[in-house]
Every structure is written in structure tokens, then in C-alpha cells.
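Enquirer: Okay, here's what each chain looks like letter by letter:
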Amino acid sequence: MNAQAHSAPLSVAGQRSESLKAAAVALLLGTVLVFTAGFSHSATIHNAGHDTRHALSFPCH
Amino acid sequence: MITRVLAAGLAAGFVAGLLVALLQHFTTTPLILAAEVYENQVALDARPGVVLSGMHGARLILAHVGHDAAPGAEAGDAWAPADGLERTVYASTVTVATAVGFAFLLLAGMLVAGDAIDRQRALSWAAAGFVVTGLAPAFGLPPELPGMHAADLLDRQVWWIGTAVATATGLWLLLRSRGVALPVLGLALLLAPHVIGAPHPADAGAGRVPAELAARFASVSLSVHAVLWVLVGVLAGWFWQRNETPVVAEA
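From first to last, the protein sequence lines stand for chains A and B.
If you count by our numbering, then the first sequence holds residues 1 to 61, one letter each, in order.
If you count by our numbering, then the second sequence holds residues 1001 to 1251, one letter each, in order.
Note that these hints are calculated values from the structure, not bench results.
Worth double-checking, as some hints may not be accurate.
Far from chain A, some chain B residues (derived; all Cβ distances over 10 Å) [what the hints assert, rightly or not]:
no., residue
1, Ala1011
2, Leu1019
3, Val1037
4, Tyr1038
5, Val1094
6, Leu1123
7, Ala1127
8, Ile1161
9, Thr1169
10, Leu1173
11, Leu1189
12, Leu1190
13, His1200
14, Ala1206
Partial selection, computed: residues in chain A whose CB lies under 10 Å from chain B [said to hold, decoys possible]:
no., residue
15, Gln15
16, Lys21
17, Ala22
18, Ala23
19, Leu27
20, Val32
21, Phe35
22, Phe39
23, Phe58
The beta carbon of each residue, even a glycine, is placed where N, CA and C say it ideally should be.
Kindly produce the complete structure, drawing on both the sequences and the hints.
Expert: What follows is the structure, given as C-alpha cells:
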């Protein structure tokens, strides 16, 4: 299922490595953003995002 | 590739976040404001974090005491946006940040899986995303209104994060692994957080928010959460394909 996704014959290994690097960057950025917005214990960030935390069912307070 | 991921994630998250912020303004925010009336009644009786007598050690949660605390509460020890436009702008910004975060996580998952990224597949991943951050955590910890009675914050956060990670891993193993053992392990991971159980206060009836309001909020906020994931998925797929370079497509 996974292997069929790629049709580029250039360098499959090279493309895979590029994809994984990009995925690692995206994973890191995504995790930092979600954790800061939804879980940070900073009072300022909590107060700024209070309504969003409630609205998206992150634990608040 | 990294530029393409960042561009698609930012664009999808930004557009989805703005649309959902608008939706929140008309759906969840009015319910939060209505609940704060009850919360502030509680604040008249108790300072934040104080254990009330007869509550068996459970703590009251008091929302954002900094900006709309009732008289007598400990206001002003942390910055908070003023009610009205300023509060809306900050909440919308954080919604956009969350949406961008979700978009990055979705694209990261699809890249690791080696899936072709298009709107249909991204939408399937978004459905899984909703299960991971919306449905599974809400099964144990219903979306909270200000003034609702809840267990210790750190306990709830740990359970929420543990549930999201276990659900994501469990779904992956259940849907993408072969054989019997790994899918069974996946199923066990899906169930484990709920067998362990979410933290709840000892006295479940101490909140003052009307049950009708809390029930409406729970269903509305889960629906908004689902809309956020759907938009993130469809838009991430669309922006990803839009940035496809002919070299990659034709080579």
C-alpha cells in the first residue's frame, strides 16, 4: 500500500530520506504549536488562548 | 520538500484556523461567556485553588481569573486580554496556531507513512486526527466550560496527552500493520486509557454550571473540533497538490 504511492524513479531512497526529514520538522513544529496553544502552564498563554482551549476540549485551568 | 511541507501546513492551518475561529465566535464562545456568569458566582464564594469545605479535596476550577474575575478574587496577577475584540483576536490567533499545528502533524504522519498526499487521503487522516485529539480524550474528559468542576489540571493534561498518543499509535497499528499480534496490540492501546480511566473529582456534583449548558457545549465543541480537522485535512491536501512541481510529477 505504501510503496505504490511513489512513482518517481529518480532516487527513491533519496526521496524517502527527504520526506522523513520534512516529516521530522513538521512533527516538531506541530507538536510545539499544539502543546503551546493547548497545554502551556504560562498564565499569559493560558489567558490569551483560554476560549480556544475550552472550545477544542483541551484541559483548562 | 521541507519548504513544501511548511507552506502547505501554514496555508492550510491559517485558512482552517480563521474559518473555525469565526465558527467558534458564533457557537462555543457564547456558551463560554454564559458559563462565566456561573463561574463568577463561584468566585465570590472562593478564591482560586482554595479547597472548599465539604468538597472532599476536589478543587474548583476557576477560569481566567485575571481578566473577568468577580470582585474579591485575586485579579491582575497575570496579563489577560480585555473582553470584546481583544479577547476574540487572541483566541482566534491561538485557534490558528492550533490549526497550523494539526496541519503539520497530519502532513508529518502522511509523509512517514509514505502516503500520497491529496485531499481524499488527507481527509481520512484528518478523521483519524479527530479521533486522536477530539473523540478519544472527550470519552474520558468531556469538553469543559469555565466553572465546571474537574480534577487536578496536571492529572487531566497527562491523561489527555497519554490518551492522544496511545490512540494515535493504536490506530496506526490497527489500520496499517499486518498479522494478528500488532493489530491486537493496537486495539489494546486504543482501550487502555479508558480502562485506566480519566481523572475525575471526588465530588462530581459541585459545579454550578447548568447541566443543559454543559451538554450543549460538549456537543457543539466536539462538532467544531471535527470541522477543524476536516478543513485542515482537505486544505492540507489541496495546498500540497497545488505546490506540486512538474519535475516531481513527471520525473
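Enquirer: Each of the hints needs a verdict: does it hold here or not?
Expert: Verification of the supplied hints:
Every Cβ of chain A is farther than 10 Å from the Cβ of B/Ala1011; the closest lies at roughly 13 Å, confirming the non-interface assignment. Every CB of chain A is more than 10 Å from the CB of B/Leu1019 (nearest about 13 Å), matching its label as outside the interface. Consistency note on B/Val1037: stated as away from chain A, and its beta-carbon is indeed over 10 Å from all of that chain's, at 15 Å minimum. With a minimum CB-CB distance of about 14 Å to chain A, B/Tyr1038 clears the 10 Å threshold, and the non-interface call stands.
Distance check on B/Val1094: its Cβ comes as close as 3 Å (rounded) to a Cβ of chain A, failing to clear the 10 Å threshold; non-interface status is violated. For B/Leu1123, the non-interface assignment is confirmed: its Cβ lies about 16 Å from the closest Cβ of chain A, beyond the 10 Å cut-off. At roughly 16 Å from the closest C-beta of chain A, the C-beta of B/Ala1127 stays outside 10 Å, upholding its exclusion from the interface. A beta-carbon of chain A comes within 10 Å of the beta-carbon of B/Ile1161; the shortest separation is about 7 Å.
Listed as outside the interface, B/Thr1169 is consistent with that label: its C-beta sits roughly 14 Å from the nearest C-beta of chain A, beyond the 10 Å cut-off. A cut-off of 10 Å between C-beta atoms confirms that B/Leu1173 is not in contact with chain A; the least separation is 15 Å. Taking the minimum C-beta to C-beta distance to chain A, about 19 Å, the non-interface status of B/Leu1189 holds against the 10 Å cut. Even its closest Cβ contact with chain A, about 18 Å, leaves B/Leu1190 beyond 10 Å, as expected for a residue assigned away from the interface.
With a minimum CB-CB distance of about 12 Å to chain A, B/His1200 clears the 10 Å threshold, and the non-interface call stands. Distance to chain A confirms B/Ala1206 as a non-interface residue, since its nearest Cβ pair spans about 14 Å, more than 10 Å. The interface hint given for A/Gln15 is met, as the beta carbon of that residue sits about 8 Å from the closest beta carbon of chain B, less than 10 Å. With a cut of 10 Å, the hint placing A/Lys21 at the interface with chain B holds, because the nearest CB-to-CB distance is about 7 Å.
Restraint check, A/Ala22 versus chain B: the minimum CB separation of about 4 Å is within 10 Å; hint holds. Nearest Cβ of chain B to the Cβ of A/Ala23: about 4 Å, under the 10 Å cut. The hint holds. The interface hint given for A/Leu27 is met, as the beta carbon of that residue sits about 4 Å from the closest beta carbon of chain B, less than 10 Å. Restraint check, A/Val32 versus chain B: the minimum CB separation of about 8 Å is within 10 Å; hint holds.
Taking 10 Å as the C-beta cut-off, the interface hint given for A/Phe35 holds, the closest approach to chain B being about 8 Å. For the restraint placing A/Phe39 at the interface with chain B, the shortest Cβ-Cβ distance is roughly 6 Å, inside the 10 Å limit, so the hint holds. Annotation: A/Phe58 was flagged as interfacial toward chain B, and the flag holds, the nearest CB pair being 7 Å apart, inside 10 Å.
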